[in-house]
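There are 2 protein chains.
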Amino acid sequence: MRENRYDDEIFFQKYSQMARSRQGLAGAGEWPTLQAVLPDFAGKAVLDLGCGYGWHARYAAERGAASVTACDISEKMLAVAREKNAHSAVTYRREAFEDADYPAETFDVVLCSLMLHYLADYGDFVEKVHRWLKPGGILVYTVEHPVFTAYGSQDWYYGPDGEILHFPVDNYYIEGQRDAVFLGEHVVKYHRTLTTYLEGLLARGFTLLHVREPQPPEELVRTVPGMADELRRPMMLIVSARKDR
Amino acid sequence: MRENRYDDEIFFQKYSQMARSRQGLAGAGEWPTLQAVLPDFAGKAVLDLGCGYGWHARYAAERGAASVTACDISEKMLAVAREKNAHSAVTYRREAFEDADYPAETFDVVLCSLMLHYLADYGDFVEKVHRWLKPGGILVYTVEHPVFTAYGSQDWYYGPDGEILHFPVDNYYIEGQRDAVFLGEHVVKYHRTLTTYLEGLLARGFTLLHVREPQPPEELVRTVPGMADELRRPMMLIVSARKDR
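Quick note, the sequences are listed as chains A and B, same order. The first sequence begins at 0 in numbering that gives the first Met the number 0 and counts up by one. The second sequence begins at 0 in numbering that gives the first Met the number 0 and counts up by one.
Next up, chain A with everything else stripped away, as it sits in the complex (with noise of 0.2 Å):
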């Protein structure tokens, strides 16, 4: 299944109008984690796959980067993309992951913002990265966090006032769909565990180079609200891996 809630129109409507979607880079509270163990992008052959509004592309390409493959597979995601994020360096290609295909040892980097949790085969994701990475070549992906995912509802648990008691995790060790709610639109997202996540790059040849849940940054805690609830549990994994092998 190619998951693509968002060429619905209300599902992007509503995703339209989110902190990361109206500020880009600066609004999405993972960024300084995310910016922080990204490579240097001078001269380098760059994969941005699930590229969305094109931000990482853009700065990928604003840092030096020769090309940069930016890949979505929803046509409204590419249109703002195209119009906000245009560079000479990025090109956007209308692509489900699933279709992907690139001659082997292609790029220097992968990106991979947000998309995992849409993805029912991760193994297949990473015999693929492998594949078109160089030797050497860097892997660097944000997916929504194994205790965020594993109960499926990815809401917390509320009191009878309707405040907020704790964060739910349920069946961790049940890989598979989830029925969220996200933006109060019914999506189909995968969980998987942690284990499934670092030993499937491991046993495939990667040096694992960072693993981080990223905090929101101390100014969008304060700003921005609901932000410092963030702080009870982990909603993020970034996980960046060098092809060694």
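Treat the hints as calculated values from the structure; they're not laboratory data. Be careful, since some hints might not be right.
[Said to hold, decoys possible] SDA-like cross-link-like pairs, simulated, lysine to any residue; straight-line CA separation at most 20 Å:
1. Lys13/B with Gly225/B
2. Lys75/A with Tyr5/A
3. Lys188/B with Arg231/A
4. Lys43/B with Lys127/B
5. Lys83/A with Tyr5/A
6. Lys188/A with Arg231/B
[As the list claims (entries may be wrong)] Covered, in the sense of this in silico footprint (three residues per stretch, anywhere, with C-beta under 8 Å from a C-beta of chain B), are these stretches of chain A:
7. 156–165
8. 195–201
9. 208–221
10. 226–234
Heads up, the beta-carbon is just placed ideally off N, CA and C, and yes, glycines get one too.
Given chain A's structure and the hints, the job is docking chain B onto it.
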């Protein structure tokens, strides 16, 4: 603070009734996962930190370790270890980790089973182990999972009829002391994020070899009461790493 609950008479009595105490490695749900990531012990100098009953120390000795230095803070633990798991290659020592010191590059392998969540200073642990390991030496530890330690109570969240609803996560990014209940007794433990555990090793020059969340083997799920619930949330994390820098 040197946490030494195991020399409390009641606590130790209760501990001695656990499957892992009565049956040793076969009674420990994480053992198959841990065993799979252990290095070759033949001819190796091994340090076992928080050795408890000494099951792992004897295992390493029986697999050909040249020497196993096995330390624990608890006299009661060591008394059982000397009785149940004596081996000519194993030296049991009473020593709190905080007081331990060894010459640089003394050991090929450092084991540390379920001790780190009693330790206030993880950075100190990483520093010391890095110093004591020979170049290329291996650290393997098991620790209570950040999902398990975050909330503090280490208990499920129950419904009105006493049924398990889910496992609660809260205060994930707020590291430090937690007042937990283990075996019905009050115990001080320390919560750290996954980021702290893994980045602490990476920053100090370790290469991550494995990061695994053990699931109990099917046989234990079938035969041990309550073990099936262990599939609902991760309780432990197993990390192995090599000193490469």
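Verification of the supplied hints:
1. Lys13/B with Gly225/B: 17 Å, holds
2. Lys75/A with Tyr5/A: 7 Å, holds
3. Lys188/B with Arg231/A: Holds, at roughly 18 Å.
4. Lys43/B with Lys127/B: Holds: Lys43/B and Lys127/B sit about 19 Å apart, inside 20 Å.
5. Lys83/A with Tyr5/A: Satisfied, since the Cα-Cα distance of roughly 17 Å is no more than 20 Å.
6. Lys188/A with Arg231/B: Judged against 20 Å, a Cα distance of about 18 Å means the pair holds.
7. 156–165: holds (count 3)
8. 195–201: The restraint on the stretch 195–201 of chain A holds, since 3 of its residues have a Cβ under 8 Å from chain B and three suffice.
9. 208–221: Coverage by chain B holds here, the residue count being 6 at a Cβ distance below 8 Å.
10. 226–234: It holds: at least three residues are needed, and the stretch 226–234 of chain A offers 4 whose Cβ sits within less than 8 Å of chain B.
Checked against the numbered hints given earlier, this structure breaks none of them.
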